[in-house]
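Undergrad: Here is what each chain is made of, one letter per residue.
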Amino acid sequence: MEQAELRELESRCIQDETPQCIAACPLHVDAKTFCALMGQRRVDKAWTILAKTLPLPGVLARICDAPCKEACIRKDAGGAIEMGCLERFCAENAKAVAPPRPLPSRRKRVTVVGAGLTGLCAAWEMTRRGFDVTLYCQSFDCARAALSERGVSAELLDKEIASLVTMGAHLMPDTEISSDLVESLMEDCDAMFIDSDDVSSEVADFGQPDGLTLGTQRAGVFTCRRDESSPVFQAAAGRRAANSIERYTQGVSMVLKRELEGPYKSRLFTSLADVESAPPVSCEAGYSEVEAKNEAKRCIQCECMECVKVCEYLHHFKGYPKVYARQIYNNESIVMGTRQANTMINSCMMCGLCETVCPEDFDMGEVCLQARRTMIEKGTMPQSAHEFALRDMAFANGEKSALARHAPGVQASEYVFFPGCQLTASGPDSVEAAYADLRKRLSDVGLMLRCCGAPAHWAGREALMEEAMGELRETWQGLGSPKIIVACPTCLKTLRAGLPEAEIVSHWSILRALGPAECASKAGGIMAINDPCAARHNAMLQEDVRALLDGVGVEVVEPEFSGDRAKCCGYGGLLSEANPSLAESLAEKRALAAEEDFVTYCVMCRDMIAKTGKKALHLYDLLYPAETRGADRPSPGYSLRRENRARLKERLLTDLWHEEGGSAEPFEAIQVRFSDLAAENMEQRRILVSDVQKVLLHARDTGNMFVNKENGHLLSYVRPVVVTYWVEFEREGEAFLVHNVWSHRMHIMGGRK
Amino acid sequence: MSVIKISVEEAVDWKCLPCNEELVPVTVELAYLDSLFNVELPTCPKCGMVFIPESLATGKMYNVEHMLEDK
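Quick mapping for you: the protein sequence lines, in order, are chains A and B.
Number 49 in UniProt numbering belongs to position 49 of the first sequence; there are no gaps in the numbering.
Number 30 in UniProt numbering belongs to position 30 of the second sequence; there are no gaps in the numbering.
Below, computed lysine-lysine pairings styled on BS3-like, alpha-carbon distance capped at 27 angstroms:
| no. | chain 1 | residue 1 | chain 2 | residue 2 |
| --- | --- | --- | --- | --- |
| 1 | A | K322 | B | K71 |
| 2 | B | K46 | A | K709 |
| 3 | B | K71 | A | K378 |
| 4 | B | K60 | A | K709 |
| 5 | B | K71 | A | K318 |
| 6 | B | K15 | A | K709 |
| 7 | A | K75 | A | K297 |
Here chain A is said to cover these stretches of chain B; the calculated rule only asks that three of the stretch's residues, wherever they fall, bring their Cβ under 8 angstroms from a Cβ of chain A:
| no. | region |
| --- | --- |
| 8 | 19-32 |
| 9 | 59-70 |
These aren't lab readings, by the way, just hints derived from the structure by calculation.
Everything numeric in this text was worked out from a predicted model, so none of it was measured.
Glycine residues also receive a C-beta, built at the ideal position from the N, C-alpha and C atoms.
Sequences are here, hints too, so could you generate the full structure?
TA: Structure below.
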C-alpha cells in the first residue's frame, strides 16, 4: 500500500470525524467529552474542557446560547442536549481553574480598541498566544450589559478581566476613544482589532470587514460586524480576528485552509436506530447535580461505528477501518520485526457487509484482499494460514474428485451442472439427485465436479486463482461451452467474475421456473432463512430461493440480518482456517439470529451453523430430501468431505458412465478406526484420515516406532510434505486403532540414523 | 547457538521399539522457515529417532511456528 492510498482509505472512514455539535459550535467546544464527564458527575474535570476552549470561560459558559443544539443528533430522539444549561451548571459548581498560561512572547504588539464581548475575547485569545496585547476602552459597560441581559451577575466579568490581566494583557480603561487616538495607536503596534460593538462608527469607520478574515481596507486593522447578537458568535469573531492577526503578523496566507474555523457540517454519521427517544431534563429553574448528570447522560456520544456494530471481525480487533488501514500499512512497511497485523488481515470474511452499511462505502474486505495479495507477492504470508484450504481445493480439482462429462449417452451439452466442491463434500447424494432431476427435466445436461477457485481468491493467490480458472475454462470449453447451472452462491459470484464469456444461470432460477421436483418435501413448516453473504448483491437469487421455499410450503422468517445485510457464517474469506475461534463465535452469532430452524442455500453456512448445534437445512434437503439429511445431522468432518467427493465421482462414473474409477494409493488400503479423542483432535488440528494412513503405512513398512511401556501403544510419524504427523495407535490384527494424533510444521533435521 | 531445553515428562513412558532403547536427551536441530534451533529432545541413543510429544507440538512448537511466520 502506498502512502497516498493509505491517506485515501483513512479519509474514507469517518469514525474520527468531528461530532456535529463540536463542528456546529463556532468555538468548537468538545461537547461530547464534556457531556461524558458530566454524565459521570465529574464536574470539575468537565469544567477544564470548557475552560480550555472558551475565552472568558466564567462568563461565556454562563451566557452560551448553544448553537450546537440545532446540530445535535439527539434532536430527533426526544430533543437536543441542553448544552447551555449544562455549561451554566458546570460554571456554577466546578472548582475554579487558573487562567491559561500564555505561550512564549511573540514580540508582536497588538492593540485592541473597545471592550465589548468580542474585544475582550480577542484580547484573551491573543494574550494566550503570546501577543503583547493592550486593550483601550472607555468602560466595560458594553460587556456588562451583555451579561445582565442574560440574567447573569455582571461581577463575574470582573473576575475574568482580572484573569486577563494575570495572563499578561495591559488594560487601559477610562480612555476617551477618539479617531486621533485610534490613528496614533495604529502607528505604535503590529496589528489592531477594533470591537465595533463598543466603538462608534464616527470614531473608527473601516466599513464592514471581510467575512473570512475580518480584515478592513486598512492593512493590519481588523474589526467585527456590528449585527452579531449571539455571545458565542461574538467570542468566535474575537477568535477569528486573533487567527487573522496571527497570520498577518507571520506573513502567511490570510485565506488558505480556514474552512473549518467557524461552524461547519461534519461528515460524521451517527445512527439513531438503537437510541430510545427521551425528552430533555427541564432546566427552567437550573439543574441540580442529579438533573445535570441525567441530562448529560442523554448525550449519545456520537460516533459512526456502523460497520463495527454489525461485524464481529471488526469488533474483535478493537479498532475500526481507519485504524486497521493504518495497521495494514505499517504491517507492510516492516522489514525486520513482527508483523502484528497478519492475523487481523487474514481474519476478514470479505463478505462485504461493512461496505453495505458504511455511509462512505468503505470495503474492509477489499483492503484485506489487497493486503493478502501483497503478502503473497512479498513472501510474507504465514504458511499455515490458508495451506489446508488450498490443499483441499487442490484435492477438489484433482484426479480423485474432479470430473467433466456430457450427460450419459450424448456427445454434446446444452447445459452443464456445476454443484461446487462443498456441496459435493457435504451432501453428495443431494447433488446426485439434483443432477438426475436436471437430466430428467432439461435436455443434455453435462456435469462438472470441481472447485470454482474461491479459496485461492480469498487467500490472495492471484496466480493460483488464474490457473484454476484457466483449467476450469478449458474443461468447460472441452464440453462445448455449455450454459453453466450453478448451485453455490460463492461459485455463482466467482464464475460470473472469472468466466464472463459464459452464460451462467443459478440452479435456483431454473428450479423456480420448472417448479420443485416431485420428490420435494411436503412437510412445510416455519423456518428462518439464512441468506449467505455471497448472495448479498444478488436480489434475484434471494427472490428465487424464497419463491422455492414458498413452493414447498415453507413459511419463511427473516432474521434481522437478511438479504443485502446478510452476515457471514464464519467460513467466508477462509476465516475458519486463519482464525478458527473467531469463526466459531461468528457461527454462534449466526445460529442465535433466529429461534426457528434455519434453511439456507449455501452448504458452508448450513455446516457452520450445524457445528454450533443449531438445526439447519440446505435447500437441497427440502427439494431432494433424504432421511440421512435431517436438519440435525452433524457437519461432516474434513476427511469425510474429501471422501464424499471422491466417492461421488466414483459412483457417478460407475453408475452413469459405466467407467472404472481411478486407481487407489497404497496408503488407502490401511484400515483404521479412531478413538473419540483422536477424531476430535484430527478435526481441530486439520489432520486427515489420509495423513494418518500414510503414517501407519510407513510404521508398518519400516517398523520405525516408539512403544509405550505402560499401555503398549505405538507411536510413529511421517512428514509427507510440510507438516509432520504423529499417530499414537495400537494394532487390531491387520487394522489399526488410533488413540491420538498431533502435528507440527517444524522440521526435525537429521533424526533417525 | 544456544540449546533450548524442554522438560518432556511425557517421554519417560516411551522407548524405541526396533532398538529396544530408553530415550535420552540429545541436542537436535529443528528448522522452520529461515530459522534453526538446537533443542534437547528425547532421542533413541542407537538409531537417533527423535520423539516429539503432543504437549510440545501443540504448545511451544506451535507458538514458535506462528511467531516465525509473522517475522
